[in-house]
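S.K.: Line by line, the protein sequences are chains A and B. Quick note: the first sequence uses our numbering, first residue 806, plus one each step. Quick note: the second sequence uses our numbering, first residue 806, plus one each step.
The hints are simulated quantities; they were obtained by calculation from the structure and are not laboratory data. Please note that the accuracy of each hint is not assured.
Any copy, or any two copies together, can satisfy a pair, since identical chains are not distinguished.
[Said to hold, decoys possible] Calculated cross-link-like contacts (lysine to any residue; reagent style SDA-like; alpha-carbon spacing at most 25 Å):
no., residue 1, residue 2
1, Lys875, Asp816
2, Lys866, Ser853
3, Lys879, Ile901
4, Lys887, Ser812
5, Lys858, Arg821
6, Lys869, Leu822
7, Lys869, Ser896
8, Lys875, Glu844
9, Lys898, Ala833
10, Lys842, Ile901
11, Lys869, Leu900
12, Lys874, Thr832
13, Lys879, Ile891
14, Lys842, Leu817
15, Lys898, His819
16, Lys898, Thr878
17, Lys872, Ile901
18, Lys869, Ser835
19, Lys879, Leu817
20, Lys874, Lys898
21, Lys866, Asn810
22, Lys858, Ser812
23, Lys874, Phe890
24, Lys898, Arg843
25, Lys858, Phe809
26, Lys898, Ser812
27, Lys898, Asn851
28, Lys842, Thr857
29, Lys898, Asn885
30, Lys898, Pro876
Letter by letter, the chains look like this.
2 protein chains.
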Amino acid sequence: MSDFNISQINDLIHSRLRLGIMAYLSTAGSADFGVLKRELEATDGNLSVQITKLEAAGYLKIEKSFKGKKPNTKVILTQNGKQAFIEYIDSLKSLINR
Amino acid sequence: MSDFNISQINDLIHSRLRLGIMAYLSTAGSADFGVLKRELEATDGNLSVQITKLEAAGYLKIEKSFKGKKPNTKVILTQNGKQAFIEYIDSLKSLINR
Chain A
806 MSDFNISQIN DLIHSRLRLG IMAYLSTAGS ADFGVLKREL EATDGNLSVQ ITKLEAAGYL
866 KIEKSFKGKK PNTKVILTQN GKQAFIEYID SLKSLINR
Chain B
806 MSDFNISQIN DLIHSRLRLG IMAYLSTAGS ADFGVLKREL EATDGNLSVQ ITKLEAAGYL
866 KIEKSFKGKK PNTKVILTQN GKQAFIEYID SLKSLINR
C-alpha cells in the first residue's frame, strides 16, 4: 500500500453535494429537507437521490412527519455518519497536509 | 448566494485521482509519470486522462524527454495549478470547519 493513499477517501462522502449534506449536518445534527435544499442550493431530485444514498449507507436517518397539514422530512446524521465524516476529514487532511 | 457554498469546490481538483495528483505535486512540484502512477496506485489510462484534463486547465505542464533510450514524461505543477489547489483547500476548509 502506498504511503500516499487516495483510496482511503470515502467516495460516498467525497461527492460534492453529499459532502455538503454531511458537512452541514456535522454541525447542525439534523435539518429539514427544505433547509438543506436552500443551504446547498440543490434541486429536489438531486438532493433526494443523494440523501437516499447516505441513508442506505447508514449515515443518515429520515423522519417524516406533518407540520400542520404539510408533510415534512427531517434528515438526521447518525452516529455512524458522524464517525464516517470524521474519518473522511482525517483522510483528506493526511492527503493535503504533506 | 448561500453562506454554505459547495459550488466553490473546484470539481476539476475534487475528483479523487486528480486530487491525488494535485496534492502530490503541491509538495513535490513535479514528478515522473511512473512515480505518480506508483504513488497513486493508478492505471496508465486513467492517470493519462486525468493529467490531460489538468493540463488543459493550465494546472499542469508536461515535459517529454528520453532517459537513455526510454521515453519519459515529467508532470509539473504550474503556478496557476498551485494557486487553484490553495483555493481548493481553502474552500474545503471553510466548508468543513464550521
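S.K.: All hints are to be evaluated individually against the structure, with a verdict given for each.
M.R.: To see whether the hints hold, each was checked on the structure:
no., hint, in the structure
1, Lys875 x Asp816, "neither (34 Å within a copy, 36 Å between copies)"
2, Lys866 x Ser853, "within (13 Å within a copy, 40 Å between copies)"
3, Lys879 x Ile901, "between (34 Å within a copy, 21 Å between copies)"
4, Lys887 x Ser812, "both (20 Å within a copy, 23 Å between copies)"
5, Lys858 x Arg821, "both (13 Å within a copy, 19 Å between copies)"
6, Lys869 x Leu822, "within (22 Å within a copy, 38 Å between copies)"
7, Lys869 x Ser896, "neither (33 Å within a copy, 33 Å between copies)"
8, Lys875 x Glu844, "within (20 Å within a copy, 53 Å between copies)"
9, Lys898 x Ala833, "both (22 Å within a copy, 17 Å between copies)"
10, Lys842 x Ile901, "between (29 Å within a copy, 18 Å between copies)"
11, Lys869 x Leu900, "neither (38 Å within a copy, 27 Å between copies)"
12, Lys874 x Thr832, "neither (29 Å within a copy, 56 Å between copies)"
13, Lys879 x Ile891, "within (22 Å within a copy, 35 Å between copies)"
14, Lys842 x Leu817, "both (19 Å within a copy, 24 Å between copies)"
15, Lys898 x His819, "both (13 Å within a copy, 14 Å between copies)"
16, Lys898 x Thr878, "neither (33 Å within a copy, 29 Å between copies)"
17, Lys872 x Ile901, "neither (44 Å within a copy, 30 Å between copies)"
18, Lys869 x Ser835, "within (13 Å within a copy, 52 Å between copies)"
19, Lys879 x Leu817, "within (20 Å within a copy, 32 Å between copies)"
20, Lys874 x Lys898, "neither (45 Å within a copy, 40 Å between copies)"
21, Lys866 x Asn810, "between (30 Å within a copy, 24 Å between copies)"
22, Lys858 x Ser812, "both (20 Å within a copy, 20 Å between copies)"
23, Lys874 x Phe890, "neither (35 Å within a copy, 48 Å between copies)"
24, Lys898 x Arg843, "between (28 Å within a copy, 21 Å between copies)"
25, Lys858 x Phe809, "between (28 Å within a copy, 21 Å between copies)"
26, Lys898 x Ser812, "both (14 Å within a copy, 21 Å between copies)"
27, Lys898 x Asn851, "between (28 Å within a copy, 24 Å between copies)"
28, Lys842 x Thr857, "within (14 Å within a copy, 34 Å between copies)"
29, Lys898 x Asn885, "both (20 Å within a copy, 22 Å between copies)"
30, Lys898 x Pro876, "neither (40 Å within a copy, 35 Å between copies)"
Hint compliance for this structure: hints 1, 7, 11, 12, 16, 17, 20, 23 and 30 are broken, all remaining hints hold.
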